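K.L.:
Take a look at the letters that make up each chain.
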Amino acid sequence: MACESWSAKLDAYVDGELSPSELKDVATHLRECTSCAAYALGLVQMKRSIAAAGKRYQPGADFREKIQKTIGSKRQRGGSWYWKIVAIPAALVLILSVAVNFYVGREKTRRERVYSELTDLHVATLASASPVDVISTDRHTVKPWFQGKIPFSFNLPELQGTDFTLVGGRVTYLAQSPGAHLIYRLRQHEISVFIFQDRGDETAALASAPVSTLSFTVEGWKKNGLLYFVVGDVGAQDIESLSKLLRDAG
Amino acid sequence: MEVPDQRVSAAAFEELALPLFEQLYNFAHWLAQDATEAEDLVQETYAKALRAFSGFQLGTNFRAWMFRILRNTFLTSRTGLKSTAVIDDEVETIASTAPNPETVLLERADREMVRQALTELPVPFREILLLCEVEEMSYEEIAHVLAVPIGTVMSRLCRARKALRALMVEKFKGAPHGV
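Residue numbers (our numbering), protein chains in the order written: chain C, 1 to 250; chain E, 251 to 429.
The set of hints was computed from the structure by calculation and includes no laboratory data.
Be a bit skeptical, because a hint or two may be false.
Stated by the list, open to error - With a cut-off of at most 20 Å between alpha-carbon atoms, the simulated PhoX-like pairs for lysine-lysine come out as follows: (1) C:Lys47 to E:Lys298; (2) E:Lys412 to C:Lys244; (3) E:Lys423 to E:Lys412; (4) E:Lys412 to C:Lys69.
Claimed, not checked - Computed from the model, here is a short list of chain E residues facing chain C with C-beta under 7 Å: (5) Glu264; (6) Leu266; (7) Phe306.
Only a predicted model underlies this, so the values are computations on that prediction, with no experimental measurement involved.
Virtual Cβ for every residue (Gly too), placed ideally from N, Cα, C.
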């Protein structure tokens with residue numbers, strides 16, 4: 001039996017409705033008064049029981065639909081069709097154009113970054129005192145040299161009957177990914193061929209046709225999970241012929 | 251682009267009101283004690299609320315506002331007019347019927363028994379217990395729903411609990427296994 005003077009406060013206490021000072025008073029009283037403590041415990045139990053028992057009735061799915069329609073149908077009053085006909089296509093066009101611009105712009109910058117990095121690699125390698133680590137015109141020497149140095153293998157084309165000669169190769173890196181850097185010669189020009197694994201990241205930014213950057217021509221493609229790039233200061237046509245040879249070999 | 255106000259408010263209304271659907275239905279069913287009537291009540295509540303929504307001040311308690319509309323709709327319905335017992339809130343709350351052993355009653359009571367007791371309670375007691383325990387409303391929210399001062403909420407809640415406890419005691423005494 002709760003003390004009469006405390007009874008009403010105990011309800012507010014279990015409902016979390018007491019002010020901090022009242023809360024302190026009640027807490028002190030509860031420590032001293034077992035009957036009030038028991039009463040408060042009973043109230044808490046009752047709260048729990050009612051909460052559990054009170055969640056009882058579930059509306060049917062049909063009724064929910066009906067209510068949704070009641071609320072939803074009101075939204076289409078007052079010339080909303082005109083509004084929809086104009087606004088929805090306009091919004092779609094806007095979203096689409098923003099998305100395309102963003103995508104194209106991003107692809108373009110990604111591609112530019114990759115291509116300029118490849119051009120740098122090409123130039124830096126040719127300027128080096130020892131541009132290649134394996135010197136051989138024989139593809140059967142160059143290809144095995146890469147074994148154990150890069151995590152993939154590739155095929156190199158037969159050059160007999162073409163103007164291209166293989167100079168050699170070295171291991172290179174693009175965006176922290178190891179790859180093969182091969183150097184070919186055409187007349188007095190040196191052409192770099194880069195082969196990397198296609199990791200689906202930004203290195204996979206390829207142009208559909210050869211791209212000229214700063215007097216270099218770059219062509220890239222994907223084949224069998226590998227990314228190929230051909231970089232050189234020769235004309236696009238020569239880059240394409242070498243690319244074709246590599247494509248046919250890979 | 252200018253969007254007519256009506257549509258903005260209708261969209262806002264839907265966003266605010268639909269999540270309350272299940273709670274409102276449960277409460278309506280408890281009040282009316284009938285599924286069809288509960289559906290009618292909820293539907294009317296949504297219709298009324300949507301019409302009155304332009305007058306609703308955003309930032310004030312929308313849930314309490316909806317429950318208040320539902321409750322008023324019930325009170326003016328046929329079942330509501332029949333079932334409403336008049337509760338005299340001025341009556342002194344005297345802790346008279348609950349000796350200590352019953353504090354453990356509810357722990358031993360099964361859910362069905364509590365439901366039965368809730369059903370038997372007069373509507374003013376039933377609704378305040380549901381708002382407090384099931385909807386977990388604050389005294390202030392309950393005061394808004396019932397359109398009474400907070401002091402009345404406190405005293406009525408206290409009496410509702412005692413009434414429920416008394417009903418539970420009766421049920422235990424009547425039950426074949428006894429207490």
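K.L.:
Are the hints correct? Go through all of them and say.
P.N.:
The hints, checked one at a time:
1. At roughly 32 Å between alpha-carbon atoms, C:Lys47 and E:Lys298 are farther apart than 20 Å, so this suggested pair is violated.
2. Only pairs whose Cα atoms come within 20 Å are accepted, and E:Lys412 paired with C:Lys244 is rejected, the gap being roughly 91 Å.
3. Annotation: proposed proximity of E:Lys423 to E:Lys412 holds, straight-line Cα distance about 17 Å (limit 20 Å).
4. For a cut-off of 20 Å, the pair hint linking E:Lys412 to C:Lys69 is broken: about 42 Å separates their Cα positions.
5. Hint status for E:Glu264: holds, given a least beta-carbon distance of 5 Å to chain C, under 7 Å.
6. Contact between E:Leu266 and chain C, as hinted, is not supported at the beta carbon level, the nearest pair being about 10 Å apart and thus beyond 7 Å.
7. Checking E:Phe306 against chain C by beta carbon gives a least distance of about 14 Å; that is not within 7 Å, so the hint is violated.
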